[in-house]
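**Student:** The primary structure of each chain is shown beneath.
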Amino acid sequence: MSKIEQKSIDLASQEMLKKAQAEGLNTCWDRVDSMQPQCGFGQLGVCCTVCNMGPCRIDPFGEGPECGVCGATADTIAARNLARKIAVGGSAHSDHGRDVANTLLMTAKHGGQDKAKGSHSHDYDITDENKLKKVAQEIGLEIKGKDKFELAKEVGELMLGEFGKQKGELLFINRAPKKRQEIWRKLGIVPRGIDREVVELLHTTTMGVDNEYRNLMLTGMRCALADGWGGSMIATDLQDILLGKPVPIRSKVNLGVLKEDEVNVVVHGHEPVLSEMAVKASRDPELLKLAKEKGANGINLAGICCTANEVLMRQGVPVAGNFLQQELAIITGAVEVMMVDVQCIMPALEQLASCFHTKLITTSPKARFPGVKHIQFTEEKAYAVSKQIIREAIDNYPNRIKEKVNIPKQTMDLVAGFTKEVVFQILGGTYRASYRPLNEGIISGRLRGVAGVVGCNNPKQTHDLFHVELVKELMKKDVLVLQTGCSAIACAKAGFLVPEAAKQYAGRGLQEICDAVGIPPVLHLGSCVDNSRILTAACEIIKEGGLGEDLSDIPAAGAAPEWMSEKAITIGFYFVASGVYTVFGADPFSVFGSKNLTEYLTNGIEKDVGGKFAFSDNPQEMAKLMIEHIDNKRKALNLKPAMYA
Amino acid sequence: MKKIYYDVEKCLGCKSCEVYCAVGKSESKQLFRAVFEEARAYPCVDVKQVGKNSFPIACRHCQDHPCVDACIAGALCFDAKAGIVQHNKDKCVGCWLCIMVCPYGAIRQNSKLKIPVRCDLCQDEQAPRCVEACPTGAIIFVEEEEVSKLKEKKKGKK
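Those sequence lines, one after another, are chains P and C.
Numbering of the first sequence is given in the numbering used here, commencing with residue 455 and proceeding in unit increments.
Numbering of the second sequence is given in the numbering used here, commencing with residue 226 and proceeding in unit increments.
Don't read these hints as lab results, they were simulated from the structure.
Check the hints yourself; a few may be wrong.
Unchecked claim - Taking lysine-lysine pairs in the DSSO-like style, the calculated list, with each CA pair at most 27 Å apart, reads:
id : chain 1 : residue 1 : chain 2 : residue 2
1  : P       : 457       : P       : 914
2  : C       : 382       : C       : 227
3  : P       : 472       : P       : 539
4  : P       : 1049      : C       : 339
5  : C       : 306       : P       : 457
6  : C       : 337       : P       : 1049
7  : P       : 563       : P       : 539
8  : P       : 706       : P       : 472
9  : C       : 254       : C       : 316
10 : P       : 914       : C       : 254
11 : P       : 858       : P       : 472
12 : P       : 1078      : C       : 254
13 : P       : 914       : P       : 997
14 : C       : 376       : C       : 277
15 : C       : 254       : P       : 1049
16 : C       : 306       : C       : 374
17 : P       : 607       : P       : 914
Claimed, not checked - Not the full set, but computed from the structure, chain C residues with beta-carbon under 10 Å of chain P:
id : residue
18 : 259
19 : 266
20 : 271
21 : 329
22 : 330
23 : 339
24 : 342
25 : 357
26 : 373
Even glycine gets a Cβ: it sits at the ideal position worked out from N, Cα and C.
Next up, chain P with everything else stripped away, as it sits in the complex (with noise of 0.2 Å):
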């Protein structure tokens, strides 16, 4: 892949590429060049490295070895591979989540105490009050006398719980339908305690525990599940209770967001708990004042992954890009600081921030880079710290070489923070909120179905391509699209989500919709964790009626076109084990290499849990497949066929 245009479709990314290459410098899609062919062994998930007997490799092809020295079969070896990374994709997810449980409990403790003291020390507040209410009452908590702090304890320390309990169930299962519940306590993959589940499952693949494909992948759902309805569910309740939920909110994507004549901040990682007071931070007088000495106009934040998907959503805070653009806005030698907490952070950024004034900054104990400065975060003195980073970015600026500044122009138009809430309230209005209007969309066919598209980008596949096309396709299909993560990024730079979008790319229904309500036709949702504001989503489009028992039901699928982390693996798992048909792009899970493996993953699963995977190289076919699928479970459901097909 040597050419530009097959790196990027984005033509500010092409810009920066084309400044790398020009200037020797090293990205991933140098690096993806060099390392080709990638290892056979380990993209079939044949290579086995749990035991030190090994490491043993399957031979895919030829006559060699049929199992390894234990004896595990290819079989065993590819599902293994495959469970500890749900185990690992549900970690990060979850340690998110409870690091914002732990930081509410903090919020709750301070803001007791300054109210018996009429003082204020805390820098969090909770904002959302109704929301907490709503869920306080949801998990069985008396809401009556309680303020806001009492309330917001109680939640915290139940929440916490969550992560440590041994028995019993979650508490957010409750939110799934009846019929997915009893599928899932029939198969026996009910999580008890989110990180008893990844332990337990971690504890199945080790050296001669179990050798079943089938068990252990309904191990890893069990993991998965305590994902998805666990750990990132808490994380974007707690998140919104505490920082806002978000409304929807116009703001800007692309490199083209970074500001010639201001201070640029770029947040990058994944926990808004400390970008969120980066963002406060940027807009306190004292350091604005700071900024205009050392001659710049302004503070300009900007995010990158997900970071940037929680900052929009709130505050409305411009993205600089997706995960590929990380080292493009280095590269555009206008950034001061990039500060990174976790996840998704190259190492390679180090490197590069080197050949520029860049300083690249670490926050969190959990991801330090070896030679990068730390500033480390904590909830107690979160706004001290942030001022702290913004002061450094601000001392950087004097740095800026001009000669090697150049921001690319391209900027795009976007509106952002729909939530399950959200669309209740714009779909039926503030008085008579309601999801009848989308239920009846699909049921008189003016709507095909639903889609979820999310995940990463992948430098083995042209950059945002499979994203833009993939959801292109759906929306001239008339399927509503809703987005998160790095997916939605994408789209957003190619313009599909403000309103008049639906006039150039959706379908005729969905045009009709999207007129009559006012929404553009591809949903921002949020970051990854937010995939869990999909899944209640499609619990209230049950709750509604009208389209089945069981969120298998749903005319919907689901799809991660560009994946790359262990979290789109964790991400897909929860989605079919919670009845949804996903689509893989990029190249597919590792697990080529056992023919029964990938037998159940892309069929038998279906038996189990009423969803399954799919994997392909084409973003034409994987619509073709998620359209096929949705008129299928219309066809179920003895609905009209799609009005406009």
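For chain P, the structure is supplied; the task is to place chain C on it using the hints.
**Tutor:** Relative to the frame of chain P, chain C by itself:
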């Protein structure tokens, strides 16, 4: 005339050469599709180990080619111009005499098709796939004269 040479010190025994050789011999020539093909693709190269050293073995396309002499069906012939031993599947009767006489043990059996599995230096590609696939540069594809130079260079380094 370019030939394949091996730098035994660089071989880590990862078998990438085997995998990509087999992919090249498959119908689809794509890894994820090749593993599901009914007629299994066989690699012509085989990674062996002696003591602590691993190394790939494939047909050396010898100047003095005992396999060609031994072939009773006339399925093997030496193409002097291309410098390779060619195999005609239609003529082959699967008697395995070539396997028995090969001094390198470089020929293997495709027991299903009853024909020998042997390297053709990937005539359909610019360079043999094993050379491209080797992550450490242990498989080298160079002119015969170049090899002695490479050897000298290596000695100098030591």
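**Student:** Hints the structure violates: just list their numbers, smallest first.
**Tutor:** Of the numbered hints, 3, 5, 7, 13, 17, 21, 22, 23, 26 do not hold.
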